[in-house]
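Number of protein chains: 2
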Amino acid sequence: MSETDEAGTSRRAFLGAGLAAGGAVATAGFARAQTADPLITEVQDWASSFGDAVDATPYGMPIHYESHVVRRNVEWLTESAVSSINFTPIHALEGTITPQGCAFERHHSGAIELSKQDYRLMINGLVERPLVFTYEDLTRFPRTITTAFCECAANGGMEWGGAQLEGCQFTQGMIHNMEYTGVPLRLLLEEAGVKPEGKWIYAEGADASSNGRSMPLEKALDDVLVAFFANGEALRKEHGYPVRLVVPGFEGNMWVKWLRRIGVYDQAVESREETSKYTDLMKDGRARKWTWVMDAKSVITSPSPQAPIRHGKGPLVITGLAWSGNGKIDRVDVSLDGGVSWQPARLTGDVKSKALTRFHLDIDWDGSEMYLQSRAIDETGYVQPTKDQLREIRGLNNVYHNNGIQTWWVRADGEVENVEVA
Amino acid sequence: MSETDEAGTSRRAFLGAGLAAGGAVATAGFARAQTADPLITEVQDWASSFGDAVDATPYGMPIHYESHVVRRNVEWLTESAVSSINFTPIHALEGTITPQGCAFERHHSGAIELSKQDYRLMINGLVERPLVFTYEDLTRFPRTITTAFCECAANGGMEWGGAQLEGCQFTQGMIHNMEYTGVPLRLLLEEAGVKPEGKWIYAEGADASSNGRSMPLEKALDDVLVAFFANGEALRKEHGYPVRLVVPGFEGNMWVKWLRRIGVYDQAVESREETSKYTDLMKDGRARKWTWVMDAKSVITSPSPQAPIRHGKGPLVITGLAWSGNGKIDRVDVSLDGGVSWQPARLTGDVKSKALTRFHLDIDWDGSEMYLQSRAIDETGYVQPTKDQLREIRGLNNVYHNNGIQTWWVRADGEVENVEVA
Numbered sequence: 001m002s003e004t005d006e007a008g009t010s011r012r013a014f015l016g017a018g019l020a021a022g023g024a025v026a027t028a029g030f031a032r033a034q035t036a037d038p039l040i041t042e043v044q045d046w047a048s049s050f051g052d053a054v055d056a057t058p059y060g061m062p063i064h065y066e067s068h069v070v071r072r073n074v075e076w077l078t079e080s081a082v083s084s085i086n087f088t089p090i091h092a093l094e095g096t097i098t099p100q101g102c103a104f105e106r107h108h109s110g111a112i113e114l115s116k117q118d119y120r121l122m123i124n125g126l127v128e129r130p131l132v133f134t135y136e137d138l139t140r141f142p143r144t145i146t147t148a149f150c151e152c153a154a155n156g157g158m159e160w161g162g163a164q165l166e167g168c169q170f171t172q173g174m175i176h177n178m179e180y181t182g183v184p185l186r187l188l189l190e191e192a193g194v195k196p197e198g199k200w201i202y203a204e205g206a207d208a209s210s211n212g213r214s215m216p217l218e219k220a221l222d223d224v225l226v227a228f229f230a231n232g233e234a235l236r237k238e239h240g241y242p243v244r245l246v247v248p249g250f251e252g253n254m255w256v257k258w259l260r261r262i263g264v265y266d267q268a269v270e271s272r273e274e275t276s277k278y279t280d281l282m283k284d285g286r287a288r289k290w291t292w293v294m295d296a297k298s299v300i301t302s303p304s305p306q307a308p309i310r311h312g313k314g315p316l317v318i319t320g321l322a323w324s325g326n327g328k329i330d331r332v333d334v335s336l337d338g339g340v341s342w343q344p345a346r347l348t349g350d351v352k353s354k355a356l357t358r359f360h361l362d363i364d365w366d367g368s369e370m371y372l373q374s375r376a377i378d379e380t381g382y383v384q385p386t387k388d389q390l391r392e393i394r395g396l397n398n399v400y401h402n403n404g405i406q407t408w409w410v411r412a413d414g415e416v417e418n419v420e421v422a
Numbered sequence: 001m002s003e004t005d006e007a008g009t010s011r012r013a014f015l016g017a018g019l020a021a022g023g024a025v026a027t028a029g030f031a032r033a034q035t036a037d038p039l040i041t042e043v044q045d046w047a048s049s050f051g052d053a054v055d056a057t058p059y060g061m062p063i064h065y066e067s068h069v070v071r072r073n074v075e076w077l078t079e080s081a082v083s084s085i086n087f088t089p090i091h092a093l094e095g096t097i098t099p100q101g102c103a104f105e106r107h108h109s110g111a112i113e114l115s116k117q118d119y120r121l122m123i124n125g126l127v128e129r130p131l132v133f134t135y136e137d138l139t140r141f142p143r144t145i146t147t148a149f150c151e152c153a154a155n156g157g158m159e160w161g162g163a164q165l166e167g168c169q170f171t172q173g174m175i176h177n178m179e180y181t182g183v184p185l186r187l188l189l190e191e192a193g194v195k196p197e198g199k200w201i202y203a204e205g206a207d208a209s210s211n212g213r214s215m216p217l218e219k220a221l222d223d224v225l226v227a228f229f230a231n232g233e234a235l236r237k238e239h240g241y242p243v244r245l246v247v248p249g250f251e252g253n254m255w256v257k258w259l260r261r262i263g264v265y266d267q268a269v270e271s272r273e274e275t276s277k278y279t280d281l282m283k284d285g286r287a288r289k290w291t292w293v294m295d296a297k298s299v300i301t302s303p304s305p306q307a308p309i310r311h312g313k314g315p316l317v318i319t320g321l322a323w324s325g326n327g328k329i330d331r332v333d334v335s336l337d338g339g340v341s342w343q344p345a346r347l348t349g350d351v352k353s354k355a356l357t358r359f360h361l362d363i364d365w366d367g368s369e370m371y372l373q374s375r376a377i378d379e380t381g382y383v384q385p386t387k388d389q390l391r392e393i394r395g396l397n398n399v400y401h402n403n404g405i406q407t408w409w410v411r412a413d414g415e416v417e418n419v420e421v422a
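Chains as they are written, first to last, in the UniProt record's numbering: chain A, 1 to 422; chain B, 1 to 422.
Rather than coming from a laboratory, the hints here were simulated on the basis of the structure.
Some hints could be false.
No copy is singled out in the list; a pair is fine if it fits within one copy or between any two copies.
[What the hints assert, rightly or not] Think about it this way: if two alpha-carbon atoms lie no more than 25 Å apart in a straight line, the pair counts; the simulated SDA-like pairs of lysine to any residue are:
1) Lys328 <-> Gly339
2) Lys116 <-> Ile309
3) Lys328 <-> Asp350
4) Lys277 <-> Ala163
5) Lys328 <-> Thr144
6) Lys328 <-> Ser353
7) Lys116 <-> Glu415
8) Lys116 <-> Arg186
9) Lys328 <-> Val351
10) Lys116 <-> Val317
Source: prediction; values computed, not measured.
Next comes chain A alone, as it looks inside the complex (with noise of 0.2 Å):
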């Protein structure tokens, strides 16, 4: 409808509720574009001529015009880049599926490659029957499908401090959602035999940071996978080939990636990894630990600061992800004024516990500048809180398990940025 540019009337007609009034000057409008449009009224090459053929693509890329929509990493975040985080392109996605090749990663001293010929995972401590297993082994196990988000503790981890960090990818792109396949931990425990004193699991990583994890033994036995498919295919080298944790609504550093060993213990390990790090630093000096699920969340993905409105005033879509490491998401509601009020969003697409929900709301844009809000509301009632609320609580200094609520200032001329409201 590219009479609407031109004639700068409103677009609200082409949501549905003024059509008669809105079709003349879209009837007009299109006369226009026919006549004038080179796109609509000459044959294109690409109408009249062949395109590639299929042994172009044995395995697709995304289309050079895409080649920003990719992982993005902060220098200055990490000491080192083989220490560092790989961050998902929220900004630019739809729907609640990651693709690996932009999904979030991150390792403690790099990637590294392991074939499934060289691959073992053991099994021991607290057990009747410590194990070995091979890759093969592992895949003749009964499998399941699970499909679950996973997010870094340190998600939003800069905004403690207040809004730092231009970009709704490196502000809240900790995070992927993927479909992964797996074998039950429960059904490897069961073959080992976890003796009565085992209260806690340990799982480690054939990595040099080996990465090594404490997680209660329920955890273990209940929805916890060792995983070796994502979205259908292999893991890719950077999640963890050939075999991962999978830890559903656990903060990400518990899914262990090149997985090589669980231990089975009476306590918890207390390893540099859930001591140093990934511990929550409170207010008063103190740090609380075994803080491992993730709270309700949401995030406006567009508009954002790396998605400006572009097209002016009129229907604009506003969308979103919401999750929680508590179950489902019941609700999210969008607030266009800093939190002032409040109206539902859609949830669109399924609604899984542990995943990604993605969310909608479609407005007429009056071109003001807005305060965009989402606020998340998980199956067990709980309301994702303000930052200022969980800012009285931790004080500033943490840098794990923000999951306040995200402001980004739409200007009037449609650039965003991340901002915070009193």
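Place chain B on chain A using the hints.
Quick look at chain B alone, frame taken from chain A:
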């Protein structure tokens, strides 16, 4: 559990029931593995040095070990590689999502390159207001998300004349399943205003073939999407970037790529692609047309001719895919003896309407030959027929809509062949 390969004992134990009996073997085996296996006893390179840094993978690709998991084409199947087929490697995939990079696609004059800036979609014919939409216009309409299978009408087409192609990929791989996001076609048609005499739409692509297809207006107003995202990101070039049609449950040829025009008419256009092609030649020489809906079907993806059994007897995971253009899969039965006896498989993960459903059957293989079959039953009560049942009515010379039961002959040595059983 590397001991069992060495000892040659049954692996039944590790599937749960025989834990006590299997325990002693497992423990002894583990001890052997621990002292003999350098992968357990020695520190490996990957555990003592850095791997890839984050900037190595702005957009990741599969690891080189998986380079065989790619789309493949069959040279003699079509006249030219610009009118050919990229088959999904379904024998090597799991779960339900097909990654875009290896998802089935066909084109009739090559995959064209069409930018969002150059993109136009025209709606004309029997409408109140002929319209031309830019890509940006489309992004301002309300969106929805639909996970759906896209299956070529000719998938399994070589099977009419008997088991002719080896490989699950080539026999049944003209199918993919992706999470699509886009605008309901209904909203665009409402915007244009369909006149009372408009009963059919005709969808055309911007490529040289145009691949025009008619469909009843009822379907167009039901669940058809004008899609621009697949599995969360922009459509790949070969999947119709920037915009394709998604027609859940209908044959893949109607999912017009590089969508450039929707015409509204009082009758079907009867184009080349719906008369000389994509009609069903019957026994008596007449042809059925308008057979768009893909009936319920299933196929075992592993073991299969490209996925033989390498691990010998004992626990074996049998897995496959089932789908129906008429709704949800209700049940999948698996036979090990060529259809003499059947047992129900597990439906794993979500069961969605008009989308791929994954099934699993875990057996203790005794090492003797098997004739593996699967049979899908959908929510309408429809039961997937045998090939012979189809041939009785449709003869042998058809190309399209062969949803007959597939048979894989598993030999005692684990190799698998495509066969037919009487």
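Taking the hints in turn, this is what the structure says about them:
Taking identical chains as interchangeable, the C-alpha atoms of Lys328 and Gly339 lie at most 25 Å apart only when both belong to the same chain, with a minimum of 23 Å there against 41 Å between chains. Within a single copy, Lys116 and Ile309 get their C-alpha atoms only as close as 47 Å, which misses the 25 Å cut-off; across copies the closest is 16 Å, which meets it. When the C-alpha separation of Lys328 and Asp350 is checked against a cutoff of 25 Å, the pair qualifies both within a copy, at 10 Å, and between copies, at 15 Å. Taking identical chains as interchangeable, the C-alpha atoms of Lys277 and Ala163 lie at most 25 Å apart only when both belong to the same chain, with a minimum of 22 Å there against 59 Å between chains.
With identical chains, the CA atoms of Lys328 and Thr144 are at most 25 Å apart both within one copy (19 Å) and between copies (19 Å). For the homomeric pair Lys328 and Ser353, the shortest alpha-carbon distances inside one copy (4 Å) and between copies (21 Å) are both at most 25 Å. Taking the shortest Cα distances, Lys116 and Glu415 sit within 25 Å of each other only across copies (21 Å), while inside one copy they are farther apart (48 Å). In the homo-oligomer, the alpha carbons of Lys116 and Arg186 lie at most 25 Å apart inside one protomer (22 Å), although the nearest pairing across protomers, at 48 Å, exceeds that limit.
In this homomeric assembly, Lys328 and Val351 come within 25 Å of each other (Cα to Cα) both inside a single copy, at 7 Å, and across copies, at 18 Å. When the C-alpha separation of Lys116 and Val317 is checked against a cutoff of 25 Å, the pair qualifies only between copies, where the shortest distance is 18 Å, while the shortest distance within a copy is 45 Å.
When each numbered hint is compared with the structure, no violation occurs for any of them.
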